[in-house]
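Chemist: Protein chains in written order, with my numbering: chain G, 1 to 426; chain L, 1 to 293.
Among these hints, one or two may not hold up.
Only part of the chain L face toward chain G is listed, based on derived beta-carbon distances under 7 Å [unchecked claim]: (1) Leu14; (2) Thr169; (3) Ser173.
Have a look at the derived ranges for each label pair, beta carbon to beta carbon [said to hold, decoys possible]: (4) G:Asp187 <-> L:Val283: 50 to 56 Å; (5) G:Ser106 <-> L:Pro193: 48 to 54 Å; (6) G:Gly293 <-> L:Pro193: 52 to 58 Å; (7) L:Pro130 <-> G:Gly293: 20 to 26 Å; (8) G:Gly293 <-> L:Glu180: 24 to 30 Å.
From the derived model, a few chain G residues whose C-beta atoms are all more than 12 Å from chain L [claimed, not checked]: (9) Leu66; (10) Asp103; (11) Ser139; (12) Lys140; (13) Leu235; (14) Gly310; (15) Lys322; (16) Glu387; (17) Glu406.
These are calculated hints, taken from the structure and not from any lab test.
We treat Cβ as the ideally placed atom computed from N, Cα and C, and that holds for glycine.
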Amino acid sequence: MSTHPRKRLAEHSMVASLLAAALAVAPACKKTAPASDHRDGTAAATGGNKITIGVLTDMSGLYADLAGAGSVVAAQMAIDDMGGKVAGMAIEIVSGDHQNKADIGSNIAREWYDTKGVDVIVDVPTSSVALAVSELTRSKNKVFLASGPGSADLTGKSCSPNTIHWTYDTWALANATGREIVKHGGDSWFFLAADYAFGTALERDVTRVVEASGGKVLGGVKHPLNAPDFSSFLLQAQSSGAKIVGLANAGGDTINAIKQAAEFGIVAKGQKLAGLLVFISDVNALGLDAAQGLILSEAFYWDRDDNTRGWSKAFAARHDGKMPTMVHAGVYSAVLHYLKAIAELKAAGDGKAVVAKMEALPTDDRLFGKGTIDPNGRKRHAMYVYEVKAPGDSKAKWDYYKLIREVPADQAFRAPADSACPLVAK
Amino acid sequence: MPGEISAQALFGQLLLGLINGSFYALLSLGLAIIFGLLNVINFAHGALYTLGAFIGWAVLHYAGIGYWPALIVAPLAVGALGIVVERTLLQRLYRLDPLYNLLLTFGLALIIQGLLQTRFGSSGEPYEIPALLKGVKDLGFMVLPVYRGWVTVVSLVVCLTTWFVTERTKLGSYLRAATENPALVQAFGINVPRMVTMTYGLGVALAAFAGVLAAPIYRVSPGMGAEMIIVVFAVVVIGGMGSIMGSIVTGFALGLIEALTKVFYPAASSTVVFALMAVVLLVRPAGLFGKAT
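Please build the complete structure, drawing on both the sequences and the hints.
Modeler: The following block contains the structure:
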């Protein structure tokens, strides 16, 4: 059989190149613009006449809406509120996309610290990346303000004198959402947990709360991060007979899981979903039809009072009309407090000293009110348990939550003594 | 939960695997058709699937056009886009190394995905299951959403029809002949360039069709195609590049294998396909259904 020569040639190289390309496409797809740099890299390093804030976040993946470009906007708003200058030093922002991968995140952070004169990294909405950046920040004696990540290990066994965990953590979510659900009869659980640091920590912390309140965990399944299809896992949850299906995942994974749970009639058949970490951006993407009735916890909701409304509307005006998530609010609050500490210290070079100063100063801003920072680096403020409104109760876009309970600051987060953080004096 | 799963539950999981497999089959079918005739590895396939889903969402959101018309509108729109792309861009690259059209379609994919990301963000947009297909059927061993049943049936019908047209009709014989020797077929008075253009349009229309089918199940987000396409490429490679039946059978089979992995070792469910691909390439480099050259 004579094959067309062009075709034969093509087919030989084709399979090989396809194979190579298919395997390379996942990272390659997103390997665009690892770090966009708004400043000139030759400027003086730390301790100079400039403060450089690095917003390291997920710019294009499943967490890009809950953090992403909005986190840069929030940081800029904090800088604007300080008048663009602190202690005579100009303030600049650089931003980068860590693609939810620890190696990429560490590389950007290292480059920022070593050659770009970055003084502080904020956000990092993926626990595995955050744990790596925290370690690096400690070794370089800089500052890491974690708003996006969830793992409570950041202020537990992996705590650092250079890291403050700002907005929420898995312990606080378990304590607020988990307790609320067990209190209302949800005493048997099955988990769908994202298979990385965050999912593991959240499942562990909720399990502890459930068991301590007399409930039991019947089983669970770990799914890969960014899984499009949850049907198989939902079927396992369904046959477990648990009253509550706990979603220990976030962002796009939570959206897909809730959407498909509705499809499989999980709720209609009498089981309940517990979204253990649900952001307002997720609710917006799900639509109230699919999300109504979810119990969830947030550290911040734009429509809580006049202060949060005012700030959020200004934020939305700068961010395509999208309301801020608690991660965005946390970035604002953390950067603001950081700059206040620098204003007193008049230097940013010694990260450990900056964090110590931040811990010594009481926190106070429009979004979280007055608060404190524990010696293990845990920022302390109230958490709020909300229920997602039914479509009929929502008066406008972004009018999504109904307050169920406020967890006061002193109960909302783990006591430092229980954190297993070596920095806490026993 | 290995060890404690009942035969009934396992059966349910296998059925789910078939359902997921129907998406793989539908997508890899379009890729196989395009590769078969054009020798183009269409890296834009996933992005065009995403685009199909977004067109479905957009016509509903902006024009009130529902699911059923969208099943036709979106493939037509994407098919038309495909024809324009083939006529203006792809056609210029046929004489060059295949890597060029790979680069072109990959670039297109990044552009489409980037534009959608900029406009809609990463979380995606909500899309309801059409009223007629809402609800679940209790099959005894599992709860089957009516919509998933529909997806499986419709994609089987589309796959088999496509196979029938290419393997058993006169049009199909022209297609296959043009694959073997375009110059000779052209000499017989058949307009091969037009056939090539239409084939590309049809292939990408199939992707858009799958996108609309997927919209009520997966979140309609810019990344939905990228999540899917890598697996689909593995399906095409395992099935044998350009083999239509190969991609259909492999699509469904991989759905089943993935389902089993999700039961026994869920953490590996996103990698098992590639392990399998590596094994198949070692044993049969032309793929399970491919002809060795």
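Chemist: The structure should be examined with respect to each hint, and the outcome stated for every one.
Modeler: Do the hints match the structure? See the list:
| no. | hint | in the structure |
| --- | --- | --- |
| 1 | Leu14 | 10 Å, violated |
| 2 | Thr169 | 23 Å, violated |
| 3 | Ser173 | 17 Å, violated |
| 4 | G:Asp187 <-> L:Val283: 50 to 56 Å | 51 Å, holds |
| 5 | G:Ser106 <-> L:Pro193: 48 to 54 Å | 51 Å, holds |
| 6 | G:Gly293 <-> L:Pro193: 52 to 58 Å | 57 Å, holds |
| 7 | L:Pro130 <-> G:Gly293: 20 to 26 Å | 23 Å, holds |
| 8 | G:Gly293 <-> L:Glu180: 24 to 30 Å | 60 Å, violated |
| 9 | Leu66 | 8 Å, violated |
| 10 | Asp103 | 18 Å, holds |
| 11 | Ser139 | 30 Å, holds |
| 12 | Lys140 | 30 Å, holds |
| 13 | Leu235 | 6 Å, violated |
| 14 | Gly310 | 24 Å, holds |
| 15 | Lys322 | 7 Å, violated |
| 16 | Glu387 | 19 Å, holds |
| 17 | Glu406 | 27 Å, holds |
When the structure is compared with the earlier hints, violations turn up for hints 1, 2, 3, 8, 9, 13 and 15 and for no others.
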